[in-house]
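Chains as they are written, first to last, in our numbering: chain A, 1 to 409; chain B, 1 to 409; chain C, 1 to 409; chain D, 1 to 409.
It is worth saying that the hints were derived from the structure and are not from the lab.
A couple of the hints might just be wrong.
Because identical chains cannot be distinguished in the list, a pair is counted as satisfied if it fits within a single copy or across any two copies.
Below are the BS3-like pairs computed for lysine-lysine, each with C-alpha atoms no more than 27 Å apart in a straight line [what the hints assert, rightly or not]: (1) LYS146 to LYS75; (2) LYS335 to LYS302; (3) LYS263 to LYS335; (4) LYS247 to LYS345.
There are 4 protein chains.
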Amino acid sequence: MQVNKRKIINDPVYGFINIPSELIFDLIQHPYFQRLRRIKQLGLTHLVYPGALHTRFHHSLGAMHLMQEAIAVLKMKGQKITHEEEEAVLIAILLHDAGHGPFSHALEHAIIKGSSHEDISGLIMQELNRNFNGRLETGIAIFQHKYPKKFLSQLVSSQLDMDRLDYLSRDSFFTGVSEGVIGTQRIIKMLNVSGGNLVVEEKGIYSIEKYIIARRIMYWQVYLHKTVLSAENMLIKILERAKYLTKEGKELFATPALSFFLKNQPGSIEAFNQPEILNHFTNLDDFDILASIKTWTNDPDKVLSSLCKRLIDRNLYRCVIQADAFDYFFIEDLKEKITSILQLKSEELIYFFISDTTSNYAYNIGHDKIFILSKDGKVNEIGAASDHLNISVLSKATTKHFICYPKDI
Amino acid sequence: MQVNKRKIINDPVYGFINIPSELIFDLIQHPYFQRLRRIKQLGLTHLVYPGALHTRFHHSLGAMHLMQEAIAVLKMKGQKITHEEEEAVLIAILLHDAGHGPFSHALEHAIIKGSSHEDISGLIMQELNRNFNGRLETGIAIFQHKYPKKFLSQLVSSQLDMDRLDYLSRDSFFTGVSEGVIGTQRIIKMLNVSGGNLVVEEKGIYSIEKYIIARRIMYWQVYLHKTVLSAENMLIKILERAKYLTKEGKELFATPALSFFLKNQPGSIEAFNQPEILNHFTNLDDFDILASIKTWTNDPDKVLSSLCKRLIDRNLYRCVIQADAFDYFFIEDLKEKITSILQLKSEELIYFFISDTTSNYAYNIGHDKIFILSKDGKVNEIGAASDHLNISVLSKATTKHFICYPKDI
Amino acid sequence: MQVNKRKIINDPVYGFINIPSELIFDLIQHPYFQRLRRIKQLGLTHLVYPGALHTRFHHSLGAMHLMQEAIAVLKMKGQKITHEEEEAVLIAILLHDAGHGPFSHALEHAIIKGSSHEDISGLIMQELNRNFNGRLETGIAIFQHKYPKKFLSQLVSSQLDMDRLDYLSRDSFFTGVSEGVIGTQRIIKMLNVSGGNLVVEEKGIYSIEKYIIARRIMYWQVYLHKTVLSAENMLIKILERAKYLTKEGKELFATPALSFFLKNQPGSIEAFNQPEILNHFTNLDDFDILASIKTWTNDPDKVLSSLCKRLIDRNLYRCVIQADAFDYFFIEDLKEKITSILQLKSEELIYFFISDTTSNYAYNIGHDKIFILSKDGKVNEIGAASDHLNISVLSKATTKHFICYPKDI
Amino acid sequence: MQVNKRKIINDPVYGFINIPSELIFDLIQHPYFQRLRRIKQLGLTHLVYPGALHTRFHHSLGAMHLMQEAIAVLKMKGQKITHEEEEAVLIAILLHDAGHGPFSHALEHAIIKGSSHEDISGLIMQELNRNFNGRLETGIAIFQHKYPKKFLSQLVSSQLDMDRLDYLSRDSFFTGVSEGVIGTQRIIKMLNVSGGNLVVEEKGIYSIEKYIIARRIMYWQVYLHKTVLSAENMLIKILERAKYLTKEGKELFATPALSFFLKNQPGSIEAFNQPEILNHFTNLDDFDILASIKTWTNDPDKVLSSLCKRLIDRNLYRCVIQADAFDYFFIEDLKEKITSILQLKSEELIYFFISDTTSNYAYNIGHDKIFILSKDGKVNEIGAASDHLNISVLSKATTKHFICYPKDI
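Here chain A stands alone, though its shape is the one from the complex (with noise of 0.2 Å):
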């Protein structure tokens, strides 16, 4: 039986997976793990590239899988790590992403609001941790970085955690943008500890550095890239389209999960509190709602259908992006040609046209930062230690102005 749980899973980025532990396998098991089978971890981003279509599910094995490696790094140059712990920093890496919701961030405020993904992520931690009898203790308390080992809650978010580098590798091969291949082996190879933090060997510095232009690169070229804005600015439209249309008393076709946060609208993440919320946001996925956006395409609602036949048929605005703020007038005169064309009520202009900005950090000074470790032993900040990057370019966040509307204008 324990042998069974003993697993190993292809996969096409790192070649295996195991399943490190009878517990971790009874946890991705759980239906609440499963769910995240049925999320896709870049949204809408196939609509571009179509091979985009891997889920956190498979995201957060291979965060695991990578956590097995930094674990086993950090081992044998010394580090003291218990079996307890060494189970625990897996668990709350394979569950920091069980909060998101459906198309993952695209409509993380959308369908709940004021919650982040990683504030109902805790939840279900705990939760879990009542069905497997405390288990998870340790787990969550590394999670919530209120573990005395520091640097355990760092390998599963900061800067340099291993949720980043499953994401690049995995984004970059599913995509196929070679421009966010990196050293992943490298870095992990090159981590160390030093005053209880997570830091990286000097000799890693140059995949470190490339490490952060790909990550800015991989913003502008994938995740901020025009179109997939424009598509998944359109699936929040709907979503607030359907919402105002329960509101007025209309009944849309909607599978349960759907139909529930249609009416109910969660505004804090002390409301997961009521078990109902917590039930139907784990039965929330991918396909409750495309299978209602397609019965949608044919709602006797003009604004409602129109919207999601357009994204259907993957007929999507077009998307202008650029540095400076848009001219007033342009805006203006745009606005009221897009409501003549279209005969649109004033109050329906704004499922029609979409303003808003975007931005990105490559690296992110306030934030927990990269440590480089010296052969003297000296702990220094990346952009100290890095001759060739300029880190105060790199971490200005680069703020994007945009602009959404039909293409049939």
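Following the hints, position chains B, C and D against chain A.
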């Protein structure tokens, strides 16, 4: 405007795929083709190989890409292929899978009885031909093996067509099963035409041998993997139960497209002449099925909800597979045990005990053959040309017997 | 100091190779092992596959890397392997090719008659054992199949050893022949020990089948490629002519190590007990041979200079290869033509007309077998366990006849 | 006959390389080009990255392959390029490195003083032009930037030429340093011509940024790796000592080609007008150097034999590299220590203590620039077009100081 339609698509398998003409761009944009984005190439295989989420959409583009390469090779070798023929053969391969229903092969006969996906692809091409003013005529002739230049049809479907070359490479890539890697590029470079037929030059013989072996290995390691067999048979059982309940007068939650097919069971390809059937079929995809199944996990019918819950939570039936037929008394005992433990009515057993056979051909002698062109111009069938393969062994279908039933027995 | 010896080496095939102990570091640093940097793994194969310049040095490190993985798998499965045994088996595989001479197999019997490279590896290991105060004892016992735990020796040399697994992967990588790609990682994960013998678990059977086929394909596509056959036979002829001229009293330009072997022809492995022979042998590598041949392109002996010029300028003999023996009269006519066109003396013809046979085994039934461990604990030979392979066909050596002669005939 | 010359070559980097014309086949077959098979692309880098044994021959073919792709892209975008121009630009890139001497850059100025390899490539092309009856005229004009269509020359040599694109990809592949992977295919697809100059379309800007960073990283991680610096400086010292001894009247063992250059030291490119010099140069390669060095390990001159023994046995000098100049007194102390421990005469110290600087540019502002073509047709230098890169930082050469000396000090 025209320039916009010469798009380049990122593909992790081949790097980039070019859209070669405006007509092809318009076909790709058509909702009939966009639907293939929502049909997974390998049904439920991702329950075993989590990367295997790629779609018929991606595969069709990939096969079109290989076709472009193959045509370039043949033209370079002096074969006369007009511009119109080239576009037509690209259209034929692009649309060859347009008739696939949800989860590809898994449900091929569960929703529409008696029609193969190729037949339905043909009907959909006819419909598109009407929409595009007859511009698909030649493509359809090639697809239906009615065009004088036989080799063009053979590139679309034969023992060595661009369909098979793409799916072996792509399935191998996304599952991570390196045993399926084939020398696609080399095989294409070795293609030629002799006596009007597609042939492979003698130098490519090793690659063909490897291709035949790789196909056979992919069958047993991926396509007929016992856990996949189990999941897909459970999926079929779910739809059978849903149809049964519908027939009994029960109104099940379902998306409109699925609802239609639960109530109507077109028994032959002719049924597609009713626009309503074609319309519903081209709206049906993986999302309809899975969203409905998720809802049915709470259905009052215990058989249906139990089956659905097991599938959604990946609590799959145990599958035993063996070369010989199972012992009669062993089976009868097992059936009794299942009925008694699960407290089933006798007519419900068929949902909890599955018994069937499965088989594969690595190379099918009866069917269109693979021909090798030797340096002196003679053409031989691969079985005769190869010193190394025992084609008679490889072309014998290996039939295996399998049974599936709940693990808790 | 000790830390310094725990190096990591970049390897494009596996990512990174770890040097696991100080003793192994010192062995790698030894001139006997460093010499392998100057011996190409695949002789003159790079004349056909220009990437195939990798060395015995790199292969030996790679095989050691796989051995580390295999040992880790067996230990995880409960096999008892002491630290001393682990280091010993790593040493055995590391040094298994130390006895290879210039251009690996190409000149195996042209320089030293009657001794295989394995015999010479054994002698070199003995010599190193003396230098390292007996610390190689266990490694030598394993290498010579004299150690009680048979499976350790089988990991070093058998039908499925780390040597073969590495060279197939590595040769495939550097030649770019994707047909040779095997599932190394999966095979290693499926290794186990039963009855003291190395076995493969049943789940790995497809990978083993693929491995046997891949080996066979690599033989015909790479190892016995007719242009490589031609080049390597020309190389042998050059050395034969040089030895002949030396015997006739002619003083040829040659590096000291090569000069020694032109004048002295050790006829058996015992000759290596003379320190002079071992010393010269361990100084001889590809560079001695090629630098001398380059010089001989201007030698006054027309036969020697003509052969050398052809090889250096890659003006290689035409090679014809076929399943049946060549027709006697065809050969006699050809010989006459060559003699007359090139104006040769009759005793010179042997340098310009080569006729021989070559053969390969994909799987050798007579030799150590590959055993499959089924789930019920039974062990079967692969031929009995496989439904798909016709092992009796694959294990039959295919012998081919070939002739080589100048293209200008 | 003609058909025979349309060969396909296996390349692990790009899959296959086509030889596009008979003339190019004949140039590849010429001994001047075949010589490049015996010159490693990266000198002694393989002492650190054991896979880095690839040659100028392979690189030149690879660059020609990329050129074929680039020309196809430009033609598809409407650029007029005649068949003659196409063959000429392929010839120019094919032969651009024909003037490299042994170990590529490592010995660039150690054997022939004052002539760059580009100058010598030019002379060799002239010589080939005479052999091939003037058919290389246009290729030479393009190579020398004297052809009216500037962009053709820029494809051969500029900040973004096919030379750089190939060597970054190839060096990254064979070293296994994934940090150097660039999006070659994407960059080529984004090439265009504007105002007669080669430009990159705006969509390719991220790939260009990544390319600039990857180049910088490859400099520090591979090209200027301190162990490689040490080995290559030792190699230079060996040749200096050999020349010194020769000048002193000592007759060293050497192959004829090397012997010539030990005795004659052509001081300028004009010297190549003497056929003897060109003849010896085109016979000189890595094998002459290494075979001679191996022999010199037993030379009676202690300085020479000690240097050679250290290099052959990979007992390399320790190399210390730092941003600032070394402290004067530290250096003087070190020199004294070396002289005393090794019991050197004062004039021998230069062979055992090396002190120099090294520097790199990732992007050189002064030199030919990389231009970005925006959608509105404007052309900007990459530094102005990129939001993300601080080109002024990247284009500043980073100079580093290094010293090398025996480890036993």
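Hints versus structure:
1. Proximity of LYS146 to LYS75 under the C-alpha cut-off of 27 Å is restricted to the intra-copy arrangement: shortest distance 22 Å within a copy versus 35 Å between copies.
2. In the homo-oligomer, the alpha carbons of LYS335 and LYS302 lie at most 27 Å apart inside one protomer (19 Å), although the nearest pairing across protomers, at 54 Å, exceeds that limit.
3. Taking the shortest alpha-carbon separations for LYS263 and LYS335, neither the intra-copy value of 31 Å nor the inter-copy value of 46 Å comes in at or below 27 Å.
4. Taking identical chains as interchangeable, the C-alpha atoms of LYS247 and LYS345 lie at most 27 Å apart only when both belong to the same chain, with a minimum of 19 Å there against 45 Å between chains.
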